[in-house]
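Could you build the full structure based on these sequences and the hints that come with them?
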Amino acid sequence: MKIGKVLIWLAVAALGALALATIAFHRREPINAMWLVVAALCSYALGYRFYSKFVAANVLALDAMRATPAERLENGRDFVRTNKWVVFGHHFAAIAGPGPLVGPVLAAQFGYLPGTLWILVGAVFAGCVQDFVILLFSVRRDGKSLGQMARDEIGKTAGTVAFISVLSILVILLAVVALIIVNALKDSPWGAFTIGMTIPIALLMGVYLRYLRPGRVLEASVLGFLLVVAAIFGGQWISQSTHAGAFTFAGTTLAILIIVYGFAASALPVWLLLAPRDYLSTFVKLGTVAILALGIVLVRPTLQMPALTRFIDGSGPVFAGNLFPFAFITIACGAISGFHSLISSGTTPKMIARETQTRMVGYGAMMAESFVGIMAMIAACTLQPGTYLAVNSGAGMVGGNATAAVATISNWGFPITADQMALLAHHVGEKTLFFRTGGAPAFALGMAKIFSDSLGGTAVMAIWYHFAIMFEALFILTVLDAGTRVARFMLQDALGHVWKPLGRTSWYPSIVATSAVTVAAWGYFLWQGIRDPLGGINSLWPLFGICNQLLAAVALCVATTIIVKMGRSRYIWVTLVPLCWLVAVTFAAAWHKVFDPNPLIGTLAHARQLAAGPAMEGLQRRIFNDQLDAAVCGLLVVLVSVIVIESGTQWISVITGRRKPATQEAPFVATQYAEEAL
Amino acid sequence: MKASGDRVIARDRVIGVAACSDHDVMVEHTIELCHPERAGAHATASRRTPALSVSKEAASGSSYETLKDFLPRPTSAIRTLLAALREIFDESAYDRFLLRTHASRSRASYREFTRERDAAMLKKPRCC
Chain G
1 MKIGKVLIWL AVAALGALAL ATIAFHRREP INAMWLVVAA LCSYALGYRF
51 YSKFVAANVL ALDAMRATPA ERLENGRDFV RTNKWVVFGH HFAAIAGPGP
101 LVGPVLAAQF GYLPGTLWIL VGAVFAGCVQ DFVILLFSVR RDGKSLGQMA
151 RDEIGKTAGT VAFISVLSIL VILLAVVALI IVNALKDSPW GAFTIGMTIP
201 IALLMGVYLR YLRPGRVLEA SVLGFLLVVA AIFGGQWISQ STHAGAFTFA
251 GTTLAILIIV YGFAASALPV WLLLAPRDYL STFVKLGTVA ILALGIVLVR
301 PTLQMPALTR FIDGSGPVFA GNLFPFAFIT IACGAISGFH SLISSGTTPK
351 MIARETQTRM VGYGAMMAES FVGIMAMIAA CTLQPGTYLA VNSGAGMVGG
401 NATAAVATIS NWGFPITADQ MALLAHHVGE KTLFFRTGGA PAFALGMAKI
451 FSDSLGGTAV MAIWYHFAIM FEALFILTVL DAGTRVARFM LQDALGHVWK
501 PLGRTSWYPS IVATSAVTVA AWGYFLWQGI RDPLGGINSL WPLFGICNQL
551 LAAVALCVAT TIIVKMGRSR YIWVTLVPLC WLVAVTFAAA WHKVFDPNPL
601 IGTLAHARQL AAGPAMEGLQ RRIFNDQLDA AVCGLLVVLV SVIVIESGTQ
651 WISVITGRRK PATQEAPFVA TQYAEEAL
Chain B
679 MKASGDRVIA RDRVIGVAAC SDHDVMVEHT IELCHPERAG AHATASRRTP
729 ALSVSKEAAS GSSYETLKDF LPRPTSAIRT LLAALREIFD ESAYDRFLLR
779 THASRSRASY REFTRERDAA MLKKPRCC
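If you read the protein sequences in the order shown, they are chains G and B. Under the numbering used here, read the first sequence as residues 1 to 678, first letter to last. Under the numbering used here, read the second sequence as residues 679 to 806, first letter to last.
Keep in mind the hints are simulated off the structure, nothing from the lab. In this text, a Cβ means the ideal position worked out from N, Cα and C, and glycines have one as well. Treat the hints loosely; a few may be bogus.
[What the hints assert, rightly or not] One side only, chain G facing chain B, incomplete, derived with CB under 10 Å: (1) Arg-28; (2) Pro-30; (3) Gly-76; (4) Thr-82; (5) Asn-83; (6) Val-217; (7) His-340; (8) Met-351.
[Said to hold, decoys possible] Each pair of labels, with its calculated beta carbon distance range: (9) B/Thr-753 with G/Thr-253: 30 to 38 Å; (10) B/Glu-790 with G/Leu-73: 35 to 43 Å; (11) G/Ala-520 with B/Ala-755: 24 to 32 Å; (12) G/Thr-157 with B/Ala-755: 47 to 55 Å; (13) B/Thr-753 with G/Lys-2: 28 to 36 Å; (14) G/Leu-212 with B/Thr-753: 49 to 57 Å; (15) B/Ala-781 with G/Thr-253: 40 to 48 Å; (16) B/Ala-755 with G/Leu-73: 42 to 50 Å; (17) B/Ala-781 with G/Trp-237: 41 to 49 Å; (18) B/Ala-781 with G/Gly-496: 44 to 52 Å; (19) G/Leu-10 with B/Arg-783: 33 to 41 Å; (20) G/Ile-199 with B/Ala-786: 42 to 50 Å; (21) B/Ser-754 with G/Phe-595: 53 to 61 Å.
[Claimed, not checked] These stretches of chain G come out as covered by chain B in the derived footprint (C-beta under 8 Å, 3 or more residues): (22) 84-93; (23) 269-279.
Written as C-alpha cells, this is what we have:
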C-alpha cells in the first residue's frame, strides 16, 4: 500500500476511534448525533476495506475467473448477469424493512451506547459476514436456498430444522409487524385513513400497469407516491372533520381488519395487490431513507437520551430484560439478521455476474442496512427521554392512565408532564401519544422532529409524523403481504408431499386453505399481543428477536461447515465466533423468556402469577398464551441445538481427518468473460 | 496445503501466453493438485485471454468494486442509478421477457410476463 493510502486509512481509523471514544465516554452533556454518524461511517469503511477483504481473499478465495450461475444458467428470467450496482440496489431493497427502524428504537431504552456499539460491531463482524458468505456459497451452488444448503452440507435433519425455523420465524415476524402497525394506527383517524387509502392506490397501480400502461412500473410508482402524499393531506382533513369517527378504530378492530387484509393479499392475484404495493413501498423506502440521512446530516440533532439509562438492570418499561442478552436480540436487522440469509440465498445469487462482486453486494448492502439502524437510533434518541418512555411504554408498565404514567416516568428521573405530551400530540395531529408501543410512533416522532427542524417547523410536524407512519406502515404491509405468501407457499410445498393437489400453487382450494392456516397462525399471536395489558411488544418482540437470531445461527452453522469442508479450518473463527456469540445470546434470552422468575420476563412465571391471582375474564386463555410462547421458544432452541450439534460433529470429523472433506459446490467452469473480469 | 493453494490461485493468478512463466506453471500445478476438475478450465481461460494478469486485489474484488469506478462520472452514476431502479421495479425484467419471447410491449405480453413473474414473487420474502 502506498504511503498516501496508509496515511488516509490511519486518519480514518483515528477519526473513528475519536468518535467512538466520544460516544462511549462522554457522560455529562448531550452529544451531537454526528458523532454516531462519523463513528459508523469510519467503522464501515475500515470493516469493508480490511476485514471484508481479508475474508474475501483468505477465507473464501473469491475467483473472478469462475463463471457464476447467472452466466452458466442464464435464462433471461431468474438467472441474469446484472451490473453490480444494480444488484446492490436490488439486494438492499430486499433486505431493508421495518426491522432496522424498530429494533434500535426499542433498544434505545438502555441509552444510545449499547445499541450503537452492537449495531457497529455486530454488523462489521457478524451481520455483513453472514450475508457475504451465504451469498457466495449460494453462488457457488447454483443459487441454492439456505434450506437446501443446510440439507446438502450438514444433513437431512438440518434441512428439516431450517425449514421449520424459517416457517416459525415468518409466523412470529408477521404477528409482530402487524402488532406494530395496529399500535401505530389505533385511535388515529389520520393514520388509519392514510394507510387504508394505500390499498385502493395499490389496486389502481395494479390495474394501471396491467391495462393502461403495461410495464411502466417506475411511472406507476411515482403516480402511486403522489396519491399517497395526497392521502396524507386527506387524512389530516378527515381527522378534523365529522367523518373522523368512521376512521377511529380500537386495537382489536384494527387487528381484525389486518387479518382480513392479510388473507385477501395472500389469496388475490399477485399483480393486483402484492406487486404494486411492493413497488410503492420500495419507492417510498429508498426515497425516505435517503431523505432521512440528508436530514440528519443537515440538522445535526443533539441526542437527548443519555448514553446509558437505569434500565440496563432489566427493569425497562419498553420491554423487560437485562442489557445482556436482550439488547442483542432486540436489535437484529441493524446488526445481524437471519432473515437476510434467505435473501442472500434467494434471488440475489442468481444475478451476480462475478464472484468478486459478492463482497460489495453481500457485505456492502448489509453495511447500508446497518446505517439505517444507526439513523433509527438517532431518531429515537433525539426525543426527550420522558417523551420516548411515555410513547413506548405499555399502560400496564407505567400506570393505566396519562397522569399515572407521567408520575411514574418522572419518578424515574425523566421529567415529563401531561401538558407537554398533550401539546406534542396536538403538534402531530393525534389525540394522545401515550402507550403507543411498538417503536413505530416513537420513530415517526423522532423523524418528524428532525424533518420539522430542517423544513417547516412545528407547523408541518403533523405532516412529517404521518408521512413517517405511512412510510413504516407501507414497509410493514409489504412484509405482511410477501411474508404471508411465502409462508403459504412453504406450507403448500410441505403439504404437497402428503397430498399432491395441496402442493399445486394454482389450485384455488389449496390456496384458500393454506392462506387461512397461515393467517390464522400469525393472527393468533397478533391477537394475543393486542389483548396483552403490557403492550404485546414486551412478549412478542423478544420472541421475534430470538427466532431471527436463531435463524442466523443456522446460517452461520451452514457457513462454518462449508468453510471447514473447503479445507480452511484455520479461518473457522470468522463464522464460528459470531455463531458462538449468537448461540450464547439467543439461548440465554430464550432461557430468560421461559424460566426467569420475574413475571415481566419469564412467561412461565407470568403464567404462575396469573394462576395465583384473582379470577378474571380470559384468564385460562392468557395462561395458555404464556405457555404457548414458552413452548415455541423452547422448541426453536431444541431445533437449533440439533443443527449446532450435527454441524459440530461434522467439523470435528473433518478436522480430525475421520471424514474426507467434500463440499457440494458446482464444478468449476471458467468464465466466458475473462477480459471483463480482469 | 489446500487453503494456501487456493489462495495462490485467487490472489496471484496469471493468465495468458505472454505471462506464461514459471509462476503460471506453478498456478496450473496447484489447480491440478487442489481442484483436478479445474485444470482444463484454467488452460481454456488462458487461451481466451492473452497476456493479462490479475492483481492481488482481484481475489477480494476491491479493484472493481469501489465508488471511484463511477463517482467521477456523474452521467454514468445517474445511468447506473436508473438501471438499478429499473431492475428493482422489474422494468428490465419485462424488457428481457420481451427480448426472450420476441414479443412487443402490450397488455397481452405484460399479462404473460406477470404470470411468469408471479411464481417468483411467491417465493420472494421481504426482510423485516
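Here is what the structure says about each hint:
1. Arg-28: violated, 37 Å
2. Pro-30: violated, 31 Å
3. Gly-76: Holds: closest Cβ of chain B sits about 4 Å from G/Gly-76, inside 10 Å.
4. Thr-82: Nearest chain B Cβ about 6 Å off; hint holds.
5. Asn-83: holds, 6 Å
6. Val-217: Nearest chain B Cβ about 4 Å off; hint holds.
7. His-340: holds, 6 Å
8. Met-351: holds, 8 Å
9. B/Thr-753 with G/Thr-253: 30 to 38 Å: Once the Cβ atoms are compared, 52 Å apart, the range 30 to 38 Å for G/Thr-253 and B/Thr-753 is violated.
10. B/Glu-790 with G/Leu-73: 35 to 43 Å: For G/Leu-73 against B/Glu-790, whose Cβ atoms are near 22 Å apart, the range 35 to 43 Å is violated.
11. G/Ala-520 with B/Ala-755: 24 to 32 Å: violated, 48 Å
12. G/Thr-157 with B/Ala-755: 47 to 55 Å: For G/Thr-157 and B/Ala-755 the Cβ distance comes to about 48 Å; the hint holds.
13. B/Thr-753 with G/Lys-2: 28 to 36 Å: holds, 30 Å
14. G/Leu-212 with B/Thr-753: 49 to 57 Å: violated, 31 Å
15. B/Ala-781 with G/Thr-253: 40 to 48 Å: holds, 47 Å
16. B/Ala-755 with G/Leu-73: 42 to 50 Å: violated, 30 Å
17. B/Ala-781 with G/Trp-237: 41 to 49 Å: holds, 45 Å
18. B/Ala-781 with G/Gly-496: 44 to 52 Å: 32 Å Cβ-Cβ, so the 44 to 52 Å window is violated.
19. G/Leu-10 with B/Arg-783: 33 to 41 Å: Once the Cβ atoms are compared, 55 Å apart, the range 33 to 41 Å for B/Arg-783 and G/Leu-10 is violated.
20. G/Ile-199 with B/Ala-786: 42 to 50 Å: violated, 27 Å
21. B/Ser-754 with G/Phe-595: 53 to 61 Å: Holds, since B/Ser-754 and G/Phe-595 (Cβ atoms, about 58 Å apart) stay within the stated range.
22. 84-93: Answer holds; 8 residues pass the 8 Å Cβ test.
23. 269-279: Contact hint for the region 269-279 of chain G vs chain B: holds, 7 residues under 8 Å.
Violation of the numbered hints given earlier is confined to hints 1, 2, 9, 10, 11, 14, 16, 18, 19, 20; the remaining hints are satisfied by the structure.
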